[in-house]
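Participant: So the sequence lines, in the order shown, correspond to chains A and B. Taking our numbering, I'd label the letters of the first sequence as residues 1 to 481. Taking our numbering, I'd label the letters of the second sequence as residues 1 to 526.
These are computed hints drawn from the structure, not numbers from a lab. Predicted, not measured: the structure shown is a model, and the values here were computed from it.
In silico DSSO-like cross-links for lysine-lysine, where the CA-CA straight-line distance does not exceed 30 angstroms:
1) A:K207 <-> B:K208
2) A:K16 <-> B:K293
3) A:K437 <-> A:K17
4) A:K39 <-> B:K163
5) B:K252 <-> B:K294
6) B:K163 <-> A:K17
7) B:K371 <-> A:K39
8) A:K319 <-> B:K208
9) A:K233 <-> A:K268
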Amino acid sequence: MSHKGLDYETLNENVKKVQYAVRGELYLRASELQKEGKKIIFTNVGNPHALGQKPLTFPRQVVALCQAPFLLDDPNVGLVFPADAIARAKHYLSLTSGGLGAYSDSRGLPGIRKEVAEFIGRRDGYPSDPELIFLTDGASKGVMQILNTIIRGERDGILVPVPQYPLYSAAISLFGGSLVPYYLEETANWGLDVNNLHSSVAAARSKGITVRAMVIINPGNPTGQCLSEANLKEILHFCYQENLVLLGDEVYQQNIYQDERPFISARKVLMDMGPPISKELQLVSFHTVSKGYWGECGQRGGYFEMTNIPPQTVDEIYKVASISLSPNVPGQIFLGVMVNPPTPGDISYLQFMRESKGILESLKRRAQIMTDGFNSCRNVVCNFTEGAMYSFPQIRLPPKAIEAAKKAGKVADVFYCLKLLEATGISTVPGSGFGQKEGVFHLRTTILPAEEDMPAIMESFKKFNDEFMEQYEDHRGYSRM
Amino acid sequence: MRRFVSGVLSSYQKRSLSHRSLRFFSSTTSLSNSDSPSSSSSAAMPTPVTLETINPKVLECEYAVRGEIVTLAQRLQQELQEKPGSLPFDEILYCNIGNPQSLGQQPITFFREVIALCDHPPILDKSETQGLFSADAIERAWQILDQIPGRATGAYSHSQGIKGLRDTIAAGIEARDGFPSNPNDIFLTDGASPAVHMMMQLLIRTEKDGILCPIPQYPLYSASIVLHGGTLVPYYLDEATGWGLEISELQKQLEDAKSKGITVRALVVINPGNPTGQVLSEDNQRDIVEFCKKEGLVLLADEVYQENVYVPDKKFHSFKKISRSMGYGEEDISVVSFQSVSKGYYGECGKRGGYMEVTGFGADVREQIYKVASVNLCSNITGQILASLVMSPPKVGDESYESYFMEKDGILSSLARRAKTLEDALNSLEGVTCNKAEGAMYLFPRIHLPEKAIKAAEAAKTAPDAFYARRLLNATGIVVVPGSGFGQVPGTWHFRCTILPQEDKIPAVVSRLTEFHKGFMEEFRD
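Make the full structure from the sequences, and use the hints.
Facilitator: Written out as structure tokens, the structure is:
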């Protein structure tokens, strides 16, 4: 008998089905090349600090003081930390029961959940209940918890946008459910057409799938589009009609780069619609400290807010959360400061505003540089990044290239991205990792490389792309939708 | 399908089994509806998220450590705040959970210094910082920051954790065990619990996959097995021999499971034990390793209490070390070791730091483990840094060594004293026997309840140990976890109490508990 209690053949099949391209083949190849000494520009994941974005000063000061409370007793602490950071640290420490080293309530510290509720109330104009807000180690854990609660088996379907952030497809595979895709319209700025929703649901039901929930990512990842209020209303109506719970991934709500469609939360639109829908439509909204202008990915801080979820279900979700004991407390404090930033008059206010604005405005400029850079290539069409942190250009590949990819045993966009990586060191994620229409290829890159590096990066891309097209073009036209 | 022992089954009785069966039937009904062609063509009847339609495994899993008794305690605490003096005690004493710093234990200063500096690196450039932090903490912070690309502690790291920190941890494991450790075998996680979940996810395919778990056990295991749809195969620890682990019992349970068509995949061993506190002898550990090798089981070694050993005649030995010392390498046995920053003398529960060291798996399996880890991107960086500090603390000669050692020794010797004091106090109670806590953070006394008490519990539709625990809470404010939350031999009753209240609170705990118990035994005397 083999000693191996666990070999590949006896692994959980659901684990084998999981795919997560963001840290998949391209990333692994890029890491290999980096070890060999090649300079790699990692644009595969929304990880701002890894590309030189500096953390905001104030929250770091607050958390550092909370980590080392003995500093607060030192008479010289004021030489190194501003008074408002000191006061804020004392405030958050008072909300804990034993400091940062104690497990908090499994839902997160009540005091911070209250601050999150107040933030939501200010943002949306409707009160939010702290008891229905659960803090988590990053939004991803929250998404997994909710999907695990909903999915009973493979006959349970979850509506997911295509293209999507592959946490959703991975989680659905892991929990043995079915992904029900609804396609976003690339030619309509990645817009969401309710007719697509209807046809997706009908197709799923004809296969015997019970559609349970719908995911929206707003602003979109990888697509960046910001949903209009009208669109959100349609979606809410749809979910209400079809008895679906709406899962609103709103982690990029701070990242808005145009004025036509500012961020509106799904909850606000729902509440605006009034009863009965506002009292019945089930909604779970997700947020994080990893994105926005904060970019504190490594802290693993986030929350989900439940609307119209029955109390007993909330209890069950609480029960499962309690098995993991509690979300990490420093991450909770980052969340607290995020929803309660310095206000005018605070010592740190001007610096905080300067840092935040600087990052946001730069992101907006970089979004434009990238979009324009991609669009300047004749075989590339790129929708403008209205929000979030990514650019998702469509790369039109000639038939010869697609053939060469097949020969190499690779999907066409994987083939292209690998060649791009080896030629330029730019590490992207092939569009197939997010889902796309058959025969249409994309890649996802972030808009996060430093602004001063952007022109050179886009030039490097263009040079590679033009050479690639030279090599594979046969002047008889190339793939298009 | 009943997947757990009767001890835990009794905790279900609180939730009224018949109500649960009803829920179970209604969810299967809606599943079969979707099978029928008529409903698939109709526009209606996908169901919203209610108790009837959520994942039944969520409904089924239980976790008593933060269960019913804690909810009650929180209510009482609120009452105390709103109406001081309204209850027969001044404060709630949470002895239900291994959460040292919530009960006054101080963090290790050196660790917090390093973490604070890593949280806000710009202060390293200020001269005033030298006056606020010890020099070796500053040096260690620089060392760690240099291992992080761009010194960006806010960036997602490698999905297994920062390489340099894994190097440090591997070196720490090697120094501890005398056998090499590969940094690529280490997966840093948000506490040890997520790592346990990951392994259950990999191992469990269907309910025909079984995991051998000690009874009593820390209910993360039972909950995780239920959540992942597997079967818990219990093996009973022997209370009469200090919670001894008999290989014959392992063999018996394994055969029993096989005869029922269960494929047993792994063996969970918690050493030092939770809730039982026993530290395994080396001989015992060798027998366990042989057993796993012979039966082709993955050895899941929960070693989070490795620094909590209170008796001079026992020592912690990691299962990996034992395996290697027996000449067994990667080809011979699969061992997964779990460690955490939450316990020991550091007690940093709120940081969520930990790791698993995964050895004896093929490359294709390890790829899958990496893949699952990558979906969550990475564990929190502070927790990662702490894990590396725990596995590589100040050494003799370092500036902070003296104060570090004093803090560590202070905490550990205090824990040993409290373990003894509480053990003696419990053993002095009528009808209570309590095994020694050789390690970990808990006492798990057995209460021999009078027949009258058992009947009263039945009448209140509660398990007898839960009945006792509730009475204890209402009378004294002390929160313990009923033994049924951990599993116990049917017909025996226990509760788990931590040894964590600060030393100056222990006399009050002892006297309140003693007084309550006397009264309880009087009330229910046959």
